[in-house]
Amino acid sequence: MQQLLNGIFIGSIYALFAIGFTLVFGILDRLNLAHPAVFAASAFVGIELVERGGLSLWAALPLVFVVGAVLGLLIERLAFRPLKGRADAHFAGLISSIALAGMLIALLQWRYGPDTRRFPPGSFPDTRFEVFGAQVTLVQVVILAVSLALMVALTYMVTRTRLGRGMRAVAENPTAARVLGVNVDRVTAVTFAISSSLGAVAGVLFAINVNTAQLGMGAAIELKGLAVIIVGGMGSLPGALIGGLLLGLAEVFAVQYIGSSWIDVIAFGLLFVILLLRPQGLLGARKVREV
Amino acid sequence: MLGQYATTLTFIALGAIFAYSFYAVLIAGQLSLGQAGFASLAAFSGAYLAPSGADVGDVPALLIAVAIGMSVGALAAVVLGLPTMHLRGVFLAIATLGFAEAVRVVLLNQEWTGGAQGLGVPRVLTVGMAWLALGLVAYWFWRMGRSRYGRALEAIREDELAARAMGIDVGRHRLAAFVTAGAVAGLYGVLYAYYVRLIAPDDFDFTAAVEGLVTAVVGGSTMFLGPVLGSGFLTAVPEIQRAVGVEAGWIRPFLAGLLLLVVILFLPGGLASLIRRRTRMPADAAAEAAGERAGRSHPPAGDTVVALAGLGKEYGGVHAVRGVDLEIRAGEVVGLIGPNGAGKTTLVNMISGLVPPSSGSATVLGAEIGRTPVHRIAAAGVSRTFQHSKLFNRLSALENVLVGAHLVSRPTFLRRLLWLPSARRDESAALRQAARCLERVGLAELAASRAEALSYGDQRRLEIARALASDPSLLILDEPAAGMNHVEARRLSELITSLAQDGLTILFIEHNVGMVLRTCTRVVVLNFGEVIASGAPAEIASDPAVVEAYLGSADEDPAGGSIAEGTLDDPTSAERADATPDAPPDPVVDVRPGAAGDLAPPDSTPRDAT
Numbered sequence: 001m002q003q004l005l006n007g008i009f010i011g012s013i014y015a016l017f018a019i020g021f022t023l024v025f026g027i028l029d030r031l032n033l034a035h036p037a038v039f040a041a042s043a044f045v046g047i048e049l050v051e052r053g054g055l056s057l058w059a060a061l062p063l064v065f066v067v068g069a070v071l072g073l074l075i076e077r078l079a080f081r082p083l084k085g086r087a088d089a090h091f092a093g094l095i096s097s098i099a100l101a102g103m104l105i106a107l108l109q110w111r112y113g114p115d116t117r118r119f120p121p122g123s124f125p126d127t128r129f130e131v132f133g134a135q136v137t138l139v140q141v142v143i144l145a146v147s148l149a150l151m152v153a154l155t156y157m158v159t160r161t162r163l164g165r166g167m168r169a170v171a172e173n174p175t176a177a178r179v180l181g182v183n184v185d186r187v188t189a190v191t192f193a194i195s196s197s198l199g200a201v202a203g204v205l206f207a208i209n210v211n212t213a214q215l216g217m218g219a220a221i222e223l224k225g226l227a228v229i230i231v232g233g234m235g236s237l238p239g240a241l242i243g244g245l246l247l248g249l250a251e252v253f254a255v256q257y258i259g260s261s262w263i264d265v266i267a268f269g270l271l272f273v274i275l276l277l278r279p280q281g282l283l284g285a286r287k288v289r290e291v
Numbered sequence: 001m002l003g004q005y006a007t008t009l010t011f012i013a014l015g016a017i018f019a020y021s022f023y024a025v026l027i028a029g030q031l032s033l034g035q036a037g038f039a040s041l042a043a044f045s046g047a048y049l050a051p052s053g054a055d056v057g058d059v060p061a062l063l064i065a066v067a068i069g070m071s072v073g074a075l076a077a078v079v080l081g082l083p084t085m086h087l088r089g090v091f092l093a094i095a096t097l098g099f100a101e102a103v104r105v106v107l108l109n110q111e112w113t114g115g116a117q118g119l120g121v122p123r124v125l126t127v128g129m130a131w132l133a134l135g136l137v138a139y140w141f142w143r144m145g146r147s148r149y150g151r152a153l154e155a156i157r158e159d160e161l162a163a164r165a166m167g168i169d170v171g172r173h174r175l176a177a178f179v180t181a182g183a184v185a186g187l188y189g190v191l192y193a194y195y196v197r198l199i200a201p202d203d204f205d206f207t208a209a210v211e212g213l214v215t216a217v218v219g220g221s222t223m224f225l226g227p228v229l230g231s232g233f234l235t236a237v238p239e240i241q242r243a244v245g246v247e248a249g250w251i252r253p254f255l256a257g258l259l260l261l262v263v264i265l266f267l268p269g270g271l272a273s274l275i276r277r278r279t280r281m282p283a284d285a286a287a288e289a290a291g292e293r294a295g296r297s298h299p300p301a302g303d304t305v306v307a308l309a310g311l312g313k314e315y316g317g318v319h320a321v322r323g324v325d326l327e328i329r330a331g332e333v334v335g336l337i338g339p340n341g342a343g344k345t346t347l348v349n350m351i352s353g354l355v356p357p358s359s360g361s362a363t364v365l366g367a368e369i370g371r372t373p374v375h376r377i378a379a380a381g382v383s384r385t386f387q388h389s390k391l392f393n394r395l396s397a398l399e400n401v402l403v404g405a406h407l408v409s410r411p412t413f414l415r416r417l418l419w420l421p422s423a424r425r426d427e428s429a430a431l432r433q434a435a436r437c438l439e440r441v442g443l444a445e446l447a448a449s450r451a452e453a454l455s456y457g458d459q460r461r462l463e464i465a466r467a468l469a470s471d472p473s474l475l476i477l478d479e480p481a482a483g484m485n486h487v488e489a490r491r492l493s494e495l496i497t498s499l500a501q502d503g504l505t506i507l508f509i510e511h512n513v514g515m516v517l518r519t520c521t522r523v524v525v526l527n528f529g530e531v532i533a534s535g536a537p538a539e540i541a542s543d544p545a546v547v548e549a550y551l552g553s554a555d556e557d558p559a560g561g562s563i564a565e566g567t568l569d570d571p572t573s574a575e576r577a578d579a580t581p582d583a584p585p586d587p588v589v590d591v592r593p594g595a596a597g598d599l600a601p602p603d604s605t606p607r608d609a610t
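Chains as they are written, first to last, in our numbering: chain A, 1 to 291; chain B, 1 to 610.
Just so you know, the hints here were simulated from the structure itself, not pulled from any lab data.
There could be a bad hint or two in this list.
[Claimed, not checked] Computed footprint of chain B on chain A; a stretch qualifies when at least three of its residues, placed anywhere within it, have a C-beta under 8 angstroms from a C-beta of chain B:
1) 59-66
2) 75-86
3) 109-122
4) 224-236
Heads up, the beta-carbon is just placed ideally off N, CA and C, and yes, glycines get one too.
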């Protein structure tokens with residue numbers, strides 16, 4: 001039971017991270033490899049806000065969300081918008097976002113140094129609950145609640161609001177969307193902002209969960225995020241949620257029963273099987289192309 | 001002097017070799033990140049299995065290790081490639097990345113690899129050997145560039161579907177590119193192992209794969225020198241920074257990222273795009289033209305070329321084509337007309353093998369439709385153009401046509417590696433053939449222009465030249481005159497007539513009814529997926545069913561135009577608006593060719609994802 005809950009907590013962070021990833025891919029057909037750098041950056045920013053700003057953990061979260069959004073706008077403006085209309089925009093977008101990620105990590109190194117950082121002692125409330133005989137901390141509950149709330153809000157926004165309609169129109173056909181009066185550039189920028197702010201919150205939640213932030217934490221979760229969005233279905237938001245939870249659970253149980261050194265084989269074995277049997281992922285729709 | 005830079009130079013060579021393993025697949029439009037896994041497998045098995053330098057000498061030991069490593073890399077690529085070659089873009093990248101990660105974790109947990117401690121390997125590689133190996137790899141890709149095989153890979157990168165229609169076996173070519181990547185990655189892995197003295201599975205992780213990809217892309221993935229330039233650039237940047245005294249730990253990666261961003265944003269083709277790509281034209285295309293036509297025997301006039309029996313295609317309950325029986329005989333020029341949405345394009349897509357029929361049967365030049373892959377149907381002698389131009393955009397006009405000649409030219413890559421004169425002869429024969437086709441459509445002077453830079457009308461004509469290059473028995477043209485003015489359309493009509501005189505069978509869809517009636521020996525009219533009339537042009541022009549299909553009802557038509565006079569042509573038919581074909585309230589408006597959107601036939605392949 002304890003393992004099950006731990007799996008769900010870590011899985012919800014994976015899901016939140018992956019949803020940001022898959023949002024950009026699903027709507028804009030671009031893979032933003034600077035996403036993991038935002039994840040890492042926000043963890044450091046979160047720690048700084050608590051440490052120097054003297055904010056409580058909960059007050060820092062919305063601020064990190066905003067920081068993530070700003071980073072998302074920057075990424076879109078610097079790494080993706082200049083590539084618009086280029087035949088190799090897919091490759092080039094991968095590379096330019098990798099370049100930007102490298103710069104971002106370098107800036108983090110400048111500001112915070114290469115060492116692992118932690119939240120100041122006493123940042124976490126000590127409240128604990130007992131659920132079905134398992135120990136759960138208030139922090140873990142908040143992680144789960146924040147992740148779920150953001151995912152619900154995102155789903156509502158995409159399916160019910162005017163902006164979400166614009167996003168779906170752009171996903172379907174950017175040219176037609178433009179003709180019909182959707183401001184494609186704005187929708188694109190907003191999509192990046194939302195995606196990055198989700199990644200940022202995931203980063204700070206991850207840092208809270210394990211109480212560390214490292215420069216390499218983005219690279220570590222990047223592969224997992226890619227696995228999650230493939231398993232769930234590229235561009236599918238509920239797919240990313242399910243994929244994230246699955247991965248969290250699989251990892252926790254793998255550590256317990258097989259040994260920690262084999263975790264990644266499980267994740268990628270799962271990924272591989274899915275790609276071979278159901279390339280569109282668990283919940284992805286098979287898109288067709290025209291002759 | 002050299003000694004001071006030996007390490008840097010060796011790493012430039014190693015980085016470039018690794019980048020070539022990415023170049024090998026990027027040139028075919030595949031994004032793979034599995035090369036780190038191939039290199040890792042090769043490095044460990046090579047270093048572990050090769051005899052020790054004490055027994056056979058250092059250099060022979062290295063050579064044996066290289067042979068083992070390259071075989072292991074290539075074999076791993078086959079094993080990984082067979083199940084994943086149907087994946088595209090990001091999906092392929094992530095699947096191969098998953099493979100590389102799995103390899104890493106498995107090797108970490110093996111005893112013989114030394115796990116995380118790593119495996120000690122003697123340092124044998126010198127800077128000279130590294131550059132020799134790089135030279136050989138670069139030579140391979142240089143000679144590949146202008147071979148038939150190299151062009152086929154580029155065609156696949158630019159437009160996979162069109163490449164198929166030109167008779168290129170896409171699956172086999174993609175796998176071949178992938179295996180090449182595996183072998184080159186294996187070479188890198190072994191050389192790396194014999195240079196750094198200690199290898200660990202973590203040397204071949206995701207970061208390493210990304211570095212290789214970045215090197216290849218920065219250098220340029222469309223020109224064989226790209227990987228060398230990329231590696232030189234990326235290895236030199238930190239060295240230069242050190243030389244000018246930039247020491248702070250964060251500045252170096254920051255500047256490296258910034259430079260990378262600048263290169264990718266402002267040099268779309270990578271560093272190699274600074275080198276101009278030449279297009280060679282055969283010096284005297286016309287002079288040697290006589291007597292060397294690429295040999296393909298066409299069916300004699302009157303033989304059945306296409307036989308359709310009850311052919312139908314259904315998309316989720318919508319019958320795009322229903323029960324079409326049609327026979328086309330050699331030497332005929334058949335015009336296929338009908339309102340938009342009548343199913344014309346679907347019909348020719350089925351005939352050319354792009355879309356499998358849902359009912360009925362069809363034989364085209366002896367190939368059975370539905371079970372035969374597109375490239376086999378092309379090999380049987382079917383060549384086509386597309387309604388929306390599907391050219392190989394970043395290739396020159398001449399190269400486009402050369403790809404079209406894929407089926408009638410001979411493979412030249414291996415002979416080019418050895419500089420055999422017969423390869424040169426075959427290449428120049430193909431060049432002349434291509435130049436002739438360009439000349440025939442009147443594009444000879446634009447041979448060196450990139451296809452995407454041509455005007456719309458020229459693109460249509462280039463497509464025809466490309467289709468002609470394979471010396472087809474059956475030529476299918478899908479709206480060839482769209483976007484052409486009257487003069488151009490008339491010239492096209494003359495071209496079609498002269499092709500028919502050469503013995504080609506031609507099937508073409510066209511909205512310019514006047515042109516169809518002028519050019520064809522027979523006209524087939526399709527409406528709502530069914531053949532409503534078929535016969536000589538004169539009969540068709542006066543057929544009441546046809547007039548009704550086009551005008552709604554003949555009685556209500558006061559406009560006085562007649563399709564026989566061609567007065568209903570609309571030269572602006574390239575511009576389409578959407579309308580439903582089954583609601584024609586205004587006959588004059590509805591007459592516009594292209595009034596309704598065409599029923600674009602979806603196929604079941606997953607979308608290109610990156």
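A quick look at each hint next to the structure:
1. 59-66: violated (count 0)
2. 75-86: Holds: 5 residues of the segment 75-86 of chain A have a Cβ under 8 angstroms from chain B.
3. 109-122: holds (count 3)
4. 224-236: The restraint on the segment 224-236 of chain A holds, since 4 of its residues have a Cβ under 8 angstroms from chain B and three suffice.
Against the hints set out earlier in the document, a violation occurs for number 1 only.
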